[in-house]
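If you read the sequences in order, they're chains A and B. All the letters of the first sequence, read from the start, carry residue numbers 1 to 178 under UniProt numbering. All the letters of the second sequence, read from the start, carry residue numbers 1 to 178 under UniProt numbering.
Careful, some of the hints might be misleading.
All copies of an identical chain are treated as equivalent in the list; a pair is satisfied when it fits inside any one copy or across any two copies.
Under the rule of at most 16 angstroms between Cα atoms (straight-line distance), these lysine to aspartate or glutamate pairs were calculated in the EDC-like manner [stated by the list, open to error]: (1) K178 / E41; (2) K33 / E138; (3) K33 / E140; (4) K78 / E41; (5) K18 / D80; (6) K106 / E143; (7) K106 / E151; (8) K33 / E5; (9) K18 / E34; (10) K33 / D137; (11) K94 / D137; (12) K106 / E86; (13) K94 / D25; (14) K33 / E143; (15) K106 / E34; (16) K78 / D137.
Hints were generated in silico from the structure; no laboratory data involved.
The residues making up each chain are set out below.
Protein chains: 2
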Amino acid sequence: MQSLEETTLSSRRVYEGKILNLRVDQVLLPNGKESSREVVEFSQAVAIVAVTDEGKVLLVSQYRYPVGEVLREIPAGKMDPQETPEVCALRELKEETGYTAASLVKLMEFYTTPGFTNELMHVFLAQNLTAGEQSPDEDEFVEVEMASLQEAIEMIFNGQIRDGKSMAGLLAASYHLK
Amino acid sequence: MQSLEETTLSSRRVYEGKILNLRVDQVLLPNGKESSREVVEFSQAVAIVAVTDEGKVLLVSQYRYPVGEVLREIPAGKMDPQETPEVCALRELKEETGYTAASLVKLMEFYTTPGFTNELMHVFLAQNLTAGEQSPDEDEFVEVEMASLQEAIEMIFNGQIRDGKSMAGLLAASYHLK
């Protein structure tokens with residue numbers, strides 16, 4: 001599918017920030033015309049569907065400033081430089097919920113919104129959980145709750161879960177575990 | 001969950017572009033401290049799981065410049081101003097695949113990556129399809145293929161589908177139709 005590709009002609013860095021950068025590139029299209037592409041550069045990230053021995057999943061609620069709402073999500077976070085997705089998944093799960101996991105299986109990976117950002121999300125199923133102390137980042141305020149996997153799936157369809165990675169992860173886990 | 005909210009102290013517009021804007025806000029955290037929040041302002045969007053009478057789903061492949069790869073996705077696109085999600089879904093399906101749908105059901109809506117953008121994705125199940133002529137945007141180069149819903153689900157887990165909205169939409173449709 002080589003014929004679909006676009007070639008970079010020039011690149012201009014518009015913004016370098018705390019969690020993201022923005023650049024605007026001039027590109028050559030497959031039809032020989034030129035266009036511009038706005039690209040948000042973002043780190044890779046992980047999300048974790050953590051299921052207890054009783055079949056309950058861990059859900060975290062936090063205020064998401066860009067959308068102005070408290071969202072119910074699965075635990076997730078950005079990968080630190082040099083960190084592997086697996087190490088990041090265990091770290092974020094522990095920080096946000098206090099739980100550690102003896103079993104970690106990768107379900108899939110995906111681009112969150114490839115039309116304008118390179119953010120890549122690695123999704124894990126965590127099992128054999130042990131409860132412990134939460135240790136969120138200083139700027140992070142998170143409320144933890146538990147629901148059965150079936151209840152969490154219902155929350156996707158009744159509007160109580162409105163986060164893409166959480167939907168994809170919970171549905172994938174449900175498919176994987178059935 | 002009022003206590004989780006963050007309050008805007010000031011807002012600075014960093015970039016106004018073709019498909020997105022970027023602003024950096026200073027906010028007051030629940031603990032009384034201050035922090036900054038980078039927000040990519042993006043339009044709402046739609047994605048369509050289109051299933052033929054024979055149980056095949058329509059998949060589109062296109063080069064996604066921000067990730068530098070050709071991705072296999074479900075049909076999708078940005079909403080025009082004043083356009084409803086339903087009208088946009090039928091328009092994008094027609095433009096990208098040539099198909100029209102006599103039945104359109106909303107499956108769910110979600111934020112694609114609420115940590116840094118307000119992009120909201122409306123996901124539809126389209127059925128009772130009729131084939132027709134593709135009419136992509138001038139800058140859009142799309143290849144269409146069909147797969148059974150089961151094959152498409154397998155593509156999620158074997159890495160042939162690496163797009164978040166497509167995973168969430170296909171898994172939700174599979175759940176809805178079972």
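#### Entry: Which numbered hints fail
1, 6, 7, 13, 14 and 15
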